[in-house]
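Q: Add chain B to chain A, keeping to what the hints say.
Protein chains in written order, with the working numbering: chain A, 1 to 249; chain B, 1 to 426.
Derived from the structure by calculation, the hints contain no laboratory data.
Just to be clear, a hint being listed does not mean it is correct.
Said to hold, decoys possible - With a cut-off of at most 30 Å between alpha-carbon atoms, the simulated DSSO-like pairs for lysine-lysine come out as follows:
1) 161(A) to 51(B)
2) 161(A) to 212(B)
3) 50(B) to 161(A)
4) 146(B) to 217(B)
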Amino acid sequence: MSGLLNMAQLRPLALRAAILVVFGAPLWGGFELHKTLHVEHPFRDLGRWVAYCVFLYILIALNVGIHKLVSWVAGAMVLALTVVFSGGIFRSLKIWESLSAILPWLHAAQASTTEQQELDLVFRLIMIMASLPYMLFVVESFPAAEFLRDVVRQGARRRAKLYITLAVFFRIFQHVFEVVTTLLVAWREENPRGIAPREVADLRGAPVRRIAMIDWYRQALWVWAVALLENSLVFVPVAVRDWQQFIDE
Amino acid sequence: MLQEQFLSFEEEIARLAQLSGIRVPNMAGGPLAFFAGLSAWLMSASAAAKKRIALVLPDPALNLALPYPRDELTLALAIAEDMTPAPTQVSALAARFNLSEDLLDRPVTGLSGGERMLVSLAKVSALASNASAVYACSPYFWLDAKNRSLVATILDQIEASGGQAHLLTLIGENAPIDPTVPRTNYGSGPTLDWTLLVPHIDVCFPGATFPKRQSSKRLRFRAAQGTLNVLSPLLLSGANGVGKTTFAKLLAGIIVPASTPPTAVVDGFSEPARLILQDALVHLFGETPETHLERVFRFDAERKKEAFVLYREMESRAAHELNRASTSTSVGAKSHAETLLQAKIVLIAERLASRVPLLILDEPGWCLAQPVAAILLDATVAAAHARGTAVAVISHQADWWRNMTLEELLFCDEGNGEVSITRRAN
Numbered sequence: 001m002s003g004l005l006n007m008a009q010l011r012p013l014a015l016r017a018a019i020l021v022v023f024g025a026p027l028w029g030g031f032e033l034h035k036t037l038h039v040e041h042p043f044r045d046l047g048r049w050v051a052y053c054v055f056l057y058i059l060i061a062l063n064v065g066i067h068k069l070v071s072w073v074a075g076a077m078v079l080a081l082t083v084v085f086s087g088g089i090f091r092s093l094k095i096w097e098s099l100s101a102i103l104p105w106l107h108a109a110q111a112s113t114t115e116q117q118e119l120d121l122v123f124r125l126i127m128i129m130a131s132l133p134y135m136l137f138v139v140e141s142f143p144a145a146e147f148l149r150d151v152v153r154q155g156a157r158r159r160a161k162l163y164i165t166l167a168v169f170f171r172i173f174q175h176v177f178e179v180v181t182t183l184l185v186a187w188r189e190e191n192p193r194g195i196a197p198r199e200v201a202d203l204r205g206a207p208v209r210r211i212a213m214i215d216w217y218r219q220a221l222w223v224w225a226v227a228l229l230e231n232s233l234v235f236v237p238v239a240v241r242d243w244q245q246f247i248d249e
Numbered sequence: 001m002l003q004e005q006f007l008s009f010e011e012e013i014a015r016l017a018q019l020s021g022i023r024v025p026n027m028a029g030g031p032l033a034f035f036a037g038l039s040a041w042l043m044s045a046s047a048a049a050k051k052r053i054a055l056v057l058p059d060p061a062l063n064l065a066l067p068y069p070r071d072e073l074t075l076a077l078a079i080a081e082d083m084t085p086a087p088t089q090v091s092a093l094a095a096r097f098n099l100s101e102d103l104l105d106r107p108v109t110g111l112s113g114g115e116r117m118l119v120s121l122a123k124v125s126a127l128a129s130n131a132s133a134v135y136a137c138s139p140y141f142w143l144d145a146k147n148r149s150l151v152a153t154i155l156d157q158i159e160a161s162g163g164q165a166h167l168l169t170l171i172g173e174n175a176p177i178d179p180t181v182p183r184t185n186y187g188s189g190p191t192l193d194w195t196l197l198v199p200h201i202d203v204c205f206p207g208a209t210f211p212k213r214q215s216s217k218r219l220r221f222r223a224a225q226g227t228l229n230v231l232s233p234l235l236l237s238g239a240n241g242v243g244k245t246t247f248a249k250l251l252a253g254i255i256v257p258a259s260t261p262p263t264a265v266v267d268g269f270s271e272p273a274r275l276i277l278q279d280a281l282v283h284l285f286g287e288t289p290e291t292h293l294e295r296v297f298r299f300d301a302e303r304k305k306e307a308f309v310l311y312r313e314m315e316s317r318a319a320h321e322l323n324r325a326s327t328s329t330s331v332g333a334k335s336h337a338e339t340l341l342q343a344k345i346v347l348i349a350e351r352l353a354s355r356v357p358l359l360i361l362d363e364p365g366w367c368l369a370q371p372v373a374a375i376l377l378d379a380t381v382a383a384a385h386a387r388g389t390a391v392a393v394i395s396h397q398a399d400w401w402r403n404m405t406l407e408e409l410l411f412c413d414e415g416n417g418e419v420s421i422t423r424r425a426n
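With the rest of the complex left out, here is chain A:
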């Protein structure tokens, strides 16, 4: 299946960008796909989202292959489940409405009953499962080297700064994936079970284990966020240093 299509090879760049925008239109507000629950036709909306998600997965698999798609979907699943579980907890603690006031995109206007609110979370799960792999696919569809090659090949002086800005933008996002790969190796070395720490002697038999583990997850997320940020940001000057020479030439 892998390699039947290759969006990254499609020229010109504007056509590639246009196609990706059209395919992703429902994610940024196009077409008749509602982003929150509509009590009149919740299952019709949900069905459409599932169909759209399947369409995106087929498109992505035809380009990047099943193996890579599965790893992206796994990442999306982790994020989606985190959102759904934390959403469920916040709703049961009655602080969801307060959060919605600060973050308007959380607000589901028509979800008033518990069942509707739960269905609304399912909406969000499907949307994350569809959008995250597609975002990764879009970022990988624009290799930074291509922008830089165009600057050299066409002598595009007028567009050089724009192209190099785009190259830096996409490259930083692509670099984040590489950092994740490197950090995963270090994480697996430290925590062979992945989602539990290596050393747990003090937790054995203790009833507070679950609470302590929740805080361990919070700490792990924080550590990952800092490590990702550091290892991604340290790379920015490397790209700027190299590519600025195009402009200066």
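A: Using the frame of chain A, we list chain B on its own:
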């Protein structure tokens, strides 16, 4: 050519900043130290580009900006010549740096550290004709003996084209300071015999088609004997890219092969090994050494205490040895660990406290002067053997580490992805 040698990585980086204005942030001091240095790193890198300074840093991740070696070299040649180079030019440049055509289209993240450093050198070589100065900062750690002379080639090239060449290294980094260091000085602790089970191991790294087509890579490790009774400390040596780190990851359970993985057994005790990668700072996850230990042993107070005691003991021992050797360098501030040496000691203490049969150190001397690396290994072996943990060292500088280890496993590329493992006594 200006050449200077240093006893610590921190001194070397400070001198680089003084000479070139390039300020590399401290990744071992925690988030505050990192973010405090980030803007200076950004500004100085930008200024370096304006002054057409080419740079080789000891961490290859800070030398390469693009995901594929072919793109990196194409763009470097394009900058130098202001036109798109022919594919043959890129291939010729790569060949000069012992980089195969196949390797040019593999992602940089899939290359070994040595291969990434060779790409970095090839890139700087391409930029040399257009550069006003080249600063090579500890470039030798990732390179085997065959490839080390390439650094001098580049520096000669920049001088020939009218630029300035600066080579900053740590003591003993290029040539061993004293290959006949007797074992009575370093690595003199009690020995430990252990067993390494090496069945026929097949590892396959799948290929990809997006965004670029890349072929899959297969490695097959073969030892003449499936069961090797070896002594600790053991040296794993071999050329760049032969598969030493892959083998270490197999032992640590990070890579799971299609066949049976290799296993380390000490006194009948067998568990996946612990591993410290060459770019050891990745294990810290942006934490300070102390907060790292706190987090890892959060749910095991006994081992946390043991790890901290071990860390303080190893730090004191290293400080004592450095003082005894009358060197001007220090381990680092006692109040707040932030040097690379302290980070390495913490990572070693953490692994030893977790009680495993084998600790693997991938290039433990990376960014350490040789006398300091020797002190570190000596302290590590003593602490490890006291806990019944065997130690294995991976290094390109086999000629020097042989004096610090008792036996050696030599990894040789036999072609078609087959890697032979041969045992020899040191």
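Q: Hints first: check each against the structure and report whether it holds.
A: Quick rundown of the hints versus the structure:
no., hint, in the structure
1, 161(A) to 51(B), "19 Å, holds"
2, 161(A) to 212(B), "25 Å, holds"
3, 50(B) to 161(A), "15 Å, holds"
4, 146(B) to 217(B), "23 Å, holds"
Going down the numbered hints, you'll see the structure goes against none, and every one checks out.
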